[in-house]
Structure formats: C-alpha cells, structure tokens
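Student: Please build the complete structure, drawing on both the sequences and the hints.
Number of protein chains: 2
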Amino acid sequence: MWKRAGGLLERNVSRSWVAPCRSVRMNSTEKEKVVILGTGWSSFRMVQSLSDKYKIVVVSPRNHFLFTPLLPSTTTGTLEFRSIVEPIRTSKIMDHVTYYQAHCTSFEPEKNLIHCESEYTGTFEVDYDKLVVGVGARNNTFGIEGVEENAHFLKELQDARSIRAHLLQNFEKAIIPTISKHERSRILSCVIVGGGPTGVEYAAELCDFLWNDLPRAYPQINAHEVKVTLLEAGPNILSAFDASMVKKALTSLRKRGVDIRTDSAVSKVNPESLELDSGYKIPYGTLVWSTGVGPHEVVSKSPFKTERGRIVTDEYLKVLGTENVFAFGDCASPESGLLPATAQVALQQGKYLARSLNRMQQNKELQEFKYHFLGNMAYIGGNKSLLESEYVNLSGWVSWIAWRAAYFTRLGSWVNKIQVPFDWTKTLIFGRDVTIF
Amino acid sequence: MWKRAGGLLERNVSRSWVAPCRSVRMNSTEKEKVVILGTGWSSFRMVQSLSDKYKIVVVSPRNHFLFTPLLPSTTTGTLEFRSIVEPIRTSKIMDHVTYYQAHCTSFEPEKNLIHCESEYTGTFEVDYDKLVVGVGARNNTFGIEGVEENAHFLKELQDARSIRAHLLQNFEKAIIPTISKHERSRILSCVIVGGGPTGVEYAAELCDFLWNDLPRAYPQINAHEVKVTLLEAGPNILSAFDASMVKKALTSLRKRGVDIRTDSAVSKVNPESLELDSGYKIPYGTLVWSTGVGPHEVVSKSPFKTERGRIVTDEYLKVLGTENVFAFGDCASPESGLLPATAQVALQQGKYLARSLNRMQQNKELQEFKYHFLGNMAYIGGNKSLLESEYVNLSGWVSWIAWRAAYFTRLGSWVNKIQVPFDWTKTLIFGRDVTIF
Numbered sequence: 001m002w003k004r005a006g007g008l009l010e011r012n013v014s015r016s017w018v019a020p021c022r023s024v025r026m027n028s029t030e031k032e033k034v035v036i037l038g039t040g041w042s043s044f045r046m047v048q049s050l051s052d053k054y055k056i057v058v059v060s061p062r063n064h065f066l067f068t069p070l071l072p073s074t075t076t077g078t079l080e081f082r083s084i085v086e087p088i089r090t091s092k093i094m095d096h097v098t099y100y101q102a103h104c105t106s107f108e109p110e111k112n113l114i115h116c117e118s119e120y121t122g123t124f125e126v127d128y129d130k131l132v133v134g135v136g137a138r139n140n141t142f143g144i145e146g147v148e149e150n151a152h153f154l155k156e157l158q159d160a161r162s163i164r165a166h167l168l169q170n171f172e173k174a175i176i177p178t179i180s181k182h183e184r185s186r187i188l189s190c191v192i193v194g195g196g197p198t199g200v201e202y203a204a205e206l207c208d209f210l211w212n213d214l215p216r217a218y219p220q221i222n223a224h225e226v227k228v229t230l231l232e233a234g235p236n237i238l239s240a241f242d243a244s245m246v247k248k249a250l251t252s253l254r255k256r257g258v259d260i261r262t263d264s265a266v267s268k269v270n271p272e273s274l275e276l277d278s279g280y281k282i283p284y285g286t287l288v289w290s291t292g293v294g295p296h297e298v299v300s301k302s303p304f305k306t307e308r309g310r311i312v313t314d315e316y317l318k319v320l321g322t323e324n325v326f327a328f329g330d331c332a333s334p335e336s337g338l339l340p341a342t343a344q345v346a347l348q349q350g351k352y353l354a355r356s357l358n359r360m361q362q363n364k365e366l367q368e369f370k371y372h373f374l375g376n377m378a379y380i381g382g383n384k385s386l387l388e389s390e391y392v393n394l395s396g397w398v399s400w401i402a403w404r405a406a407y408f409t410r411l412g413s414w415v416n417k418i419q420v421p422f423d424w425t426k427t428l429i430f431g432r433d434v435t436i437f
Numbered sequence: 001m002w003k004r005a006g007g008l009l010e011r012n013v014s015r016s017w018v019a020p021c022r023s024v025r026m027n028s029t030e031k032e033k034v035v036i037l038g039t040g041w042s043s044f045r046m047v048q049s050l051s052d053k054y055k056i057v058v059v060s061p062r063n064h065f066l067f068t069p070l071l072p073s074t075t076t077g078t079l080e081f082r083s084i085v086e087p088i089r090t091s092k093i094m095d096h097v098t099y100y101q102a103h104c105t106s107f108e109p110e111k112n113l114i115h116c117e118s119e120y121t122g123t124f125e126v127d128y129d130k131l132v133v134g135v136g137a138r139n140n141t142f143g144i145e146g147v148e149e150n151a152h153f154l155k156e157l158q159d160a161r162s163i164r165a166h167l168l169q170n171f172e173k174a175i176i177p178t179i180s181k182h183e184r185s186r187i188l189s190c191v192i193v194g195g196g197p198t199g200v201e202y203a204a205e206l207c208d209f210l211w212n213d214l215p216r217a218y219p220q221i222n223a224h225e226v227k228v229t230l231l232e233a234g235p236n237i238l239s240a241f242d243a244s245m246v247k248k249a250l251t252s253l254r255k256r257g258v259d260i261r262t263d264s265a266v267s268k269v270n271p272e273s274l275e276l277d278s279g280y281k282i283p284y285g286t287l288v289w290s291t292g293v294g295p296h297e298v299v300s301k302s303p304f305k306t307e308r309g310r311i312v313t314d315e316y317l318k319v320l321g322t323e324n325v326f327a328f329g330d331c332a333s334p335e336s337g338l339l340p341a342t343a344q345v346a347l348q349q350g351k352y353l354a355r356s357l358n359r360m361q362q363n364k365e366l367q368e369f370k371y372h373f374l375g376n377m378a379y380i381g382g383n384k385s386l387l388e389s390e391y392v393n394l395s396g397w398v399s400w401i402a403w404r405a406a407y408f409t410r411l412g413s414w415v416n417k418i419q420v421p422f423d424w425t426k427t428l429i430f431g432r433d434v435t436i437f
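In order, the protein sequences belong to chains A and B.
Residue numbering for the first sequence follows the numbering used here, starting at 1 and increasing by one per position.
Residue numbering for the second sequence follows the numbering used here, starting at 1 and increasing by one per position.
Be aware that one or more of the hints could be misleading.
Stated by the list, open to error - Here are the computed lysine to aspartate or glutamate pairs in the EDC-like style, where the Cα-Cα straight-line distance is at most 20 Å:
| hint | chain 1 | residue 1 | chain 2 | residue 2 |
| --- | --- | --- | --- | --- |
| 1 | B | K181 | A | E30 |
| 2 | A | K181 | B | E125 |
| 3 | B | K181 | A | E125 |
| 4 | B | K173 | A | E119 |
| 5 | A | K53 | A | E30 |
| 6 | B | K173 | A | E125 |
| 7 | A | K173 | B | E117 |
| 8 | B | K181 | A | E117 |
| 9 | A | K181 | B | E117 |
| 10 | A | K173 | B | E125 |
| 11 | A | K181 | B | E119 |
| 12 | B | K173 | A | E117 |
| 13 | B | K130 | B | E365 |
| 14 | A | K173 | B | E365 |
Said to hold, decoys possible - From chain A, some residues computed to sit far from chain B (all C-beta separations above 10 Å):
| hint | residue |
| --- | --- |
| 15 | K53 |
| 16 | P283 |
| 17 | V312 |
| 18 | Q361 |
| 19 | L411 |
| 20 | W424 |
Claimed, not checked - Covered by chain A, per the in silico footprint, the following chain B stretches (three or more residues, Cβ under 8 Å):
| hint | segment |
| --- | --- |
| 21 | 86-98 |
| 22 | 119-130 |
The hints are simulated quantities; they were obtained by calculation from the structure and are not laboratory data.
Note that the coordinates shown come from a computational prediction; the quantities given were computed from them, not determined experimentally.
Glycine included, each C-beta is placed from N, C-alpha and C at the ideal position.
Tutor: Right, here's the structure in full:
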C-alpha cells in the first residue's frame with residue numbers, strides 16, 4: 001500500500017535526496033520508445049500494463065486520469081472532485097514513464113515524429129518507435145449555433161465544477177428580493193440536452209439535490225419551482241438500454257419532476273433560451289450539453305484514414321496504412337465496425353494493446369482485439385439504478401447498490417477507494433456542500 | 001448531531017414538503033430587524049449567538065464562513081478547500097436568519113438603509129433597525145504598481161485554489177523538454193511578500209510540499225531548484241511574536257531553504273519579476289502577496305468616521321455619531337486604540353456584540369468590550385509550530401500538535417471536524433494530490 005501511492009516509505013527515501021535518475025537511466029538504454037497520447041481510459045490502462053522494457057512517454061493535456069462514470073455525481077457534491085481522479089504523476093506507473101503535459105498538434109508518421117504544444121512553453125517535438133493515439137473525442141455540438149458559448153459540457157472535472165458553482169449561484173440569484181417573477185422562473189430552469197447515460201445521470205443527481213438538499217439550503221425555493229427539462233433528439237433516452245429498462249427510467253425521472261422530451265432537436269442556443277426544431281423556445285438558467293462525442297481536431301486533420309471522425313484501425317488496433325501507429329478509445333474505430341464510445345471499450349482496448357505490445361517484445365504471435373460487452377449501468381436518481389448485462393437486468397435499490405459496488409471496485413487508487421465511500425457517507429449524513437467559490 | 005447539520009432527520013421532514021414559511025413568519029411579526037454585513041469571524045460568530053427575538057438579515061458576497069487560519073494549508077493540498085468552510089445556508093443558524101448573497105455598496109444611516117448589489121441581479125435596498133458592519137478588509141497593495149495584476153493574494157478560498165493550480169502548472173512547464181535553463185529557473189522561483197503569519201505559513205506549507213511531495217510527483221525537479229524567497233518590508237518577520245520565537249522560525253525556515261530577506265520593500269511588480277526599493281530585481285514564477293489588510297472600499301466612502309481606513313467605534317462597538325450602527329472585525333477600530341486585525345479579536349467582538357444586543361432586548365445594562373489576548377500561533381513547516389501565550393511559549397513538534405488540536409477544537413461544524421483530521425491523515429499516508437483542473 002505504501003509503495004503503491006508513494007506514502008511514508010517513499011517519503012523517507014525522498015528526504016535523503018536520491019538524485020532524480022529516472023530520465024538518465026532511460027536515456028542510456030536502447031529501449032524501444034512508445035509514445036502514448038492521452039490519459040483517458042484506454043491510455044491510462046495501457047500504461048499500467050505496458051512492460052518497462054519499453055521506454056514509455058505519455059503526452060496529454062490532462063495530468064490525471066478521470067473516473068468518468070462518477071463525474072455526474074460531482075456536479076452536485078455527492079462526491080468531491082478530487083475523489084474520482086488519479087494524478088498520473090503520483091500513480092505507481094510513473095516509475096517507468098515520462099509524462100509531458102501538452103497537446104499533440106500534428107503527426108508526421110513518415111518521420112516517426114509528433115508535434116506537441118504546451119499551453120505556456122510553446123511547441124516541441126517528440127519522436128517515437130511506436131505511437132499510440134488515445135486522444136479521445138470532443139463534445140459534439142453538431143455545429144449548432146450558441147452551444148460553445150452558452151452551454152456547460154460535462155466531460156472534464158472543470159466542467160463539473162463550473163456546473164456546480166453555476167447552479168448554486170442561480171439559487172442565490174433567485175432569492176434576491178428584487179428579482180422579477182419572470183427572471184426567477186428562467187433562472188430556476190435547468191435544461192439538459194442529450195438523453196444518454198451522462199445526461200440522464202446528471203438529471204438524476206440534480207433531482208437528488210433538489211429533493212434532499214434544496215429544502216434545507218434554500219427553503220425559499222420550492223423544488224417544484226426548479227424546472228428540469230431533458231431534451232433528446234432521438235425517439236428514446238438511454239438508447240443502449242432495453243425498452244423495459246428505459247420505461248423504468250422514464251417513470252422514475254418523471255415522478256421526480258423531470259420533463260423528458262424526446263424527438264426534440266435543438267436548433268439554436270441563445271444566452272438565456274434555446275430553440276427547438278419545432279420553433280418552441282425554452283428559457284434556461286443552466287444548460288448542460290451532453291450529446292455524445294465528436295471528432296477531436298487533431299484526428300480530423302491527421303494524415304490517417306478516418307471514418308465518422310475516428311481513426312480507422314485493423315483488428316490489432318493498428319492504424320491502416322501504418323506499421324507502428326496504433327489508435328484506440330473514442331478517437332478510433334476498427335474497420336470491422338464502430339464500437340461505442342464508452343469506458344468499457346476503451347478499458348479493454350488499453351489492456352489489449354499493452355498485452356499486444358508486450359507480446360511483440362517477446363516475438364509472440366498477436367491475437368485480434370475482441371470486445372466483450374459487460375453490461376450497461378445508469379443511475380436514475382433516488383437511490384435507484386439500471387443495470388443491464390448478458391445474464392440479468394436489474395433496476396431499483398438493489399441495482400443501485402450493485403452500481404455503487406461495481407464502480408467502487410473499479411476505482412484505481414487506494415486514495416479513491418477510501419475517499420469515495422467517505423464522500424458517499426458524508427453526503428448521506430450531512431447533505432451536500434453548498435459553498436460557492 | 002443530526003439536528004445541527006441538517007442530516008437524516010431534517011431530510012425526512014423535507015421530503016414531506018413543509019412549505020417554506022420562514023420569511024412569512026418573519027414578515028408577520030414586529031421583531032426588531034438587525035442587518036449584519038459579512039460572513040467572517042465576527043459576523044458569523046455574532047449570528048450564532050444573537051437571539052431569535054431579532055429578525056436577522058445577513059448580507060455578504062461570500063456564502064460561507066472560512067476558517068482562515070487553515071487557509072495556507074489548502075494551497076498545497078494538506079487540507080482540501082471545502083474542509084475548512086461552513087456554508088451559511090446549511091448552518092444551524094439559518095433557522096432564524098435571512099441571507100442575501102450581495103455586496104453592501106453604500107450606507108444611508110439617516111434613513112436606516114443600506115444599498116446592496118448582487119453581481120448578477122442589480123441593486124436593491126435593505127432597511128434596518130440596527131446595522132452591524134463586519135465587511136472585513138481588503139488585501140493591502142500599498143498602491144504598488146503591478147500587484148493587483150500579477151500577484152496571488154491569500155485571503156479567500158479561490159485565492160488558495162488559484163495558487164495551488166498555478167504552482168503545479170509551473171512544475172509541469174518546468175519539465176517540458178524545450179524550456180530554457182533561464183526560464184526554468186524563473187518558473188521555479190516562488191516569492192512571498194509579507195512576513196506575517198499568513199506569509200510564513202504559506203512558505204512553511206510550500207516547503208512541506210517541496211520536501212515531501214515534489215520528489216515523488218516531479219522527480220525531474222530537485223527541491224533545491226525551487227527557490228523560495230520571503231520578503232518583509234519591516235525589520236523582522238512575525239512581528240507579533242517574541243524575538244526568541246522569531247529566531248526559531250528563521251532558523252527552521254532557512255534550514256529548509258527559504259531565503260528570508262527583511263527590510264526589503266517591493267517597489268514594483270512586473271509580470272515575471274519584481275523590483276525592490278534597493279533596485280534589486282527578483283524573477284518569479286509564483287508571487288504570493290500577503291502584506292496584511294487595507295481599507296474596504298465601502299468603508300472608505302462611508303459616512304462614518306474612519307481612522308486608518310477603519311470605522312471608529314466606542315467601547316460598546318457602536319459607530320461614533322450613530323445610535324444604531326455597530327462595527328467590528330477588520331473594518332473597525334475602537335477609539336481607545338487599534339486592535340490587531342486577527343481572527344481572535346473578531347471572534348471575541350462577534351460574541352460580545354451578540355450578547356450586547358441580547359441584553360438590549362432585555363433592557364439590561366451593557367458592558368464595555370474588553371479584548372483578551374489568548375496567544376499567537378504560527379505553523380513554520382516540518383511539523384513544527386510556534387505557540388505563544390500569556391503563560392507559556394512553545395515551539396517544535398509538541399507545539400505543532402497543540403496548533404492542530406487548537407484549530408481542530410475551534411472548527412465550527414461536525415463536517416469540518418470529521419473532514420479536517422481525515423485530510424491530515426490522508427496527506428500523511430498518501431501525500432498531497434497534484435491533479436490540475
């Protein structure tokens with residue numbers, strides 16, 4: 001345990017000032033250099049299993065791994081932000097990894113080179129023997145006017161933080177005595193665009209806050225006054241789930257006051273209202289945009305073959321037309337068929353590619369990547385979840401326990417494993433923190 | 001316990017949808033209305049003890065009480081930000097208090113009126129029978145050019161958050177391969193201006209991070225490379241402490257690599273360097289400005305008599321020339337002599353004024369405010385503190401335990417009392433979190 005997270009034991013070593021010899025050691029060997037882009041599910045998982053017979057370099061603008069399935073829980077304070085991250089620098093994998101906090105801006109596969117840019121220090125180049133592209137995807141706005149400027153996305157930790165502060169700020173505004181009835185009603189309107197798991201889970205967490213914490217923190221606001229609208233362009237929310245499960249989610253969310261509108265595509269977003277294709281206008285105080293992912297710009301302008309904005313790979317996750325470039329996660333797609341942009345796909349690909357590269361080192365034969373569907377889960381609020389797998393479909397309270405247990409066991413670090421149950425317990429006993437800062 | 005923080009018990013009540021009747025109840029009575037400005041030590045303490053025979057209205061831009069003595073600990077992650085705050089909305093005091101998140105912009109004492117402004121909803125007025133001014137003070141820049149634009153203050157939670165992110169961001173920059181030696185050295189220079197307890201404690205926390213966490217998180221940076229400079233314009237740091245104690249602080253900080261320069265007044269701050277009166281230039285990557293407090297603008301332009309930027313009161317904390325306006329904390333000063341701008345003064349004044357107003361209700365005779373000096377404490381790093389009181393002077397490890405124990409017992413809420421020791425333990429075992437977001 002100490003060894004893992006760099007605790008007391010390592011600290012004692014540090015105090016005696018061991019010279020930082022890692023980079024020196026790496027430079028003096030002739031190890032093959034694997035450059036991995038990204039610190040998401042696939043990249044982070046790959047680094048954890050990749051043999052230290054490789055020289056490993058990670059380039060990513062985000063210096064931490066984010067446990068995305070629990071991100072909606074942080075938007076209201078059910079969990080705290082830092083409880084669901086694992087900083088790459090203090091992760092056990094760093095013993096044999098060099099990390100640069102930077103974006104990859106372009107590829108030169110013929111020179112085995114990538115160009116990187118760090119926000120503050122300008123551009124630099126990194127050469128590689130093998131390149132692994134796991135840059136992920138971007139929020140998909142479908143080019144709709146006003147989304148970038150006015151909506152909150154829900155993809156990174158800073159998104160969750162800004163949603164949390166924004167919502168509480170709106171509650172504070174709503175009870176300033178001079179506010180007009182009309183403005184108060186707008187400010188208390190929360191619109192969520194996108195009926196996928198993230199959108200639904202945000203709606204669920206929001207309802208939990210409204211029913212459990214609002215009466216205590218803002219008794220001047222009745223939870224019914226806060227209008228929660230969930231818009232989905234398609235015919236159904238949670239399209240990956242069974243119809244019977246979707247029905248349960250609909251019933252549960254509607255019972256808690258969520259106005260769910262399917263077949264409702266947004267055509268334009270103004271600063272204080274949005275317009276549907278039908279011409280209908282919805283005023284909002286908080287707008288959360290969670291309509292899935294679109295192509296990452298570095299992928300769009302890459303020299304690699306792409307399809308629907310994702311780099312096309314063969315069944316070994318090797319990028320078509322290259323010998324030493326691999327791609328996985330949300331930015332890639334095997335030519336045999338599009339895989340969903342989910343954590344479980346990325347995780348399996350990360351694990352697979354690490355094993356593949358380790359086998360290459362040993363000159364062993366490679367196996368094709370096969371995706372094993374493990375199931376779908378979604379939290380629907382009020383201590384209820386949906387859990388769908390090959391063998392069993394569950395919903396309700398039991399499923400919620402299973403949902404929490406499943407994610408708890410998946411948490412990467414000891415700190416996370418201690419902090420997350422601590423936060424859950426704290427929220428249960430004391431309620432959610434409404435500090436704005 | 002449940003009752004206090006609004007936990008399970010209160011939540012059950014909430015679910016049955018009790019109508020929010022507080023404001024209604026208050027409007028229908030003829031209670032005397034006390035308006036309190038601020039949510040700092042004095043105001044928050046006063047509200048806690050003020051009789052609910054008054055109608056109490058609190059106006060403050062900050063919706064939480066901040067346990068300021070532990071703020072430096074949050075700049076490096078020894079404690080988490082939310083561990084040392086108590087949101088006013090979920091505090092037990094809210095049972096009989098109305099709170100508006102707004103600034104007071106001006107006073108009209110002849111009309112018993114204040115003007116307020118909420119950042120988003122414009123201006124509004126609040127009338128009062130009694131007014132209590134506890135707006136605190138502002139960071140003192142002494143009008144030095146470039147401070148506002150380039151320095152980090154250390155007064156609020158968002159200051160601590162921005163220092164934490166900025167410092168880690170600088171470490172990330174420093175190890176980008178293309179950075180010049182000169183730029184790396186600048187980026188790794190941390191300058192603290194102000195040798196009071198806050199400046200010293202920040203230096204101490206920074207050193208703890210450098211010696212305990214840097215080698216683990218950033219082995220490419222040697223702690224000796226990070227230059228920590230503490231500048232003090234006066235002849236000594238920690239001027240409120242005994243000379244023998246100051247010497248101990250100097251020895252301890254210098255041993256840990258802090259370059260302490262007294263009699264060093266800053267004349268100008270540029271974006272990447274600062275200039276001393278002597279003409280000497282110091283390049284910096286991080287600049288923390290903690291030179292004590294200056295007048296709050298609403299106080300400066302108030303109709304009340306001020307001295308050195310603080311509202312002058314009599315020995316009952318009543319503002320001179322008024323009958324129903326009181327002032328305390330960092331924004332006020334009794335005419336008999338300036339009190340230090342510390343938490344213990346503010347706390348005692350808050351408690352005193354609540355008792356005074358309660359006695360007024362009962363037509364009892366009032367007593368003068370007397371400040372009881374309880375002692376000085378400062379953390380000097382490496383698990384050592386200074387503790388100075390009437391009876392005993394302590395330094396070192398024992399004093400550090402006393403320092404932690406003293407603040408632990410002062411923490412206001414149960415959540416704080418659970419969270420702070422939890423954070424301390426987590427830091428001890430796992431080290432500080434270096435996630436940037």
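Student: Next step is simple, just say for each hint if it's right about the structure.
Tutor: Going through the hints against the structure:
Note on B:K181 and A:E30: the hinted pairing is violated, with a Cα-Cα distance of about 27 Å set against a maximum of 20 Å. Annotation: proposed proximity of A:K181 to B:E125 holds, straight-line Cα distance about 18 Å (limit 20 Å). With a CA separation close to 18 Å, the supplied pair B:K181 and A:E125 stays within the 20 Å bound. At roughly 9 Å between alpha-carbon atoms, B:K173 and A:E119 fall within 20 Å of each other, so this suggested pair holds.
In summary, the hint linking A:K53 to A:E30 is supported, as the alpha carbons are separated by about 10 Å, within the 20 Å threshold. Of the pairs offered as hints, the one joining B:K173 and A:E125 holds, with about 15 Å between alpha carbons and a cut-off of 20 Å not exceeded. Note on A:K173 and B:E117: the hinted pairing holds, with a Cα-Cα distance of about 11 Å set against a maximum of 20 Å. Our distance criterion of 20 Å between C-alpha atoms is met by B:K181 and A:E117, whose separation comes to about 19 Å.
Taking the CA atoms of A:K181 and B:E117, the gap is about 19 Å. The hint holds against a cut of 20 Å. Note on A:K173 and B:E125: the hinted pairing holds, with a Cα-Cα distance of about 15 Å set against a maximum of 20 Å. Note on A:K181 and B:E119: the hinted pairing holds, with a Cα-Cα distance of about 18 Å set against a maximum of 20 Å. Annotation: proposed proximity of B:K173 to A:E117 holds, straight-line Cα distance about 11 Å (limit 20 Å).
A threshold of 20 Å between alpha carbons decides the hint, and for B:K130 with B:E365 the separation of about 18 Å falls inside it, so the pair holds. In summary, the hint linking A:K173 to B:E365 is not supported, as the alpha carbons are separated by about 41 Å, beyond the 20 Å threshold. With a minimum CB-CB distance of about 21 Å to chain B, A:K53 clears the 10 Å threshold, and the non-interface call stands. Residue placement check: A:P283 keeps its beta carbon more than 10 Å from all beta carbons of chain B (closest about 15 Å).
No beta-carbon of chain B is positioned within 10 Å of the beta-carbon of A:V312; the least distance is around 31 Å. With a cut of 10 Å on Cβ distances, A:Q361 stays outside the contact zone with chain B, its closest approach being about 25 Å. The Cβ of A:L411 lies farther than 10 Å from every Cβ of chain B, with a closest approach of about 14 Å, so its non-interface assignment holds. The non-interface label for A:W424 is consistent with chain B: the shortest C-beta to C-beta separation is roughly 14 Å, beyond 10 Å.
With a threshold of 8 Å between beta carbons, the proposed coverage of the segment 86-98 of chain B by chain A holds, since 3 of its residues qualify and at least three are required. Coverage of a stretch by a chain is defined here by at least three residues with a beta carbon nearer than 8 Å to that chain's beta carbons; for the segment 119-130 of chain B and chain A the count is 5, and the condition holds.
Taken one by one, the earlier hints fail for this structure at numbers 1 and 14, listed in ascending order.
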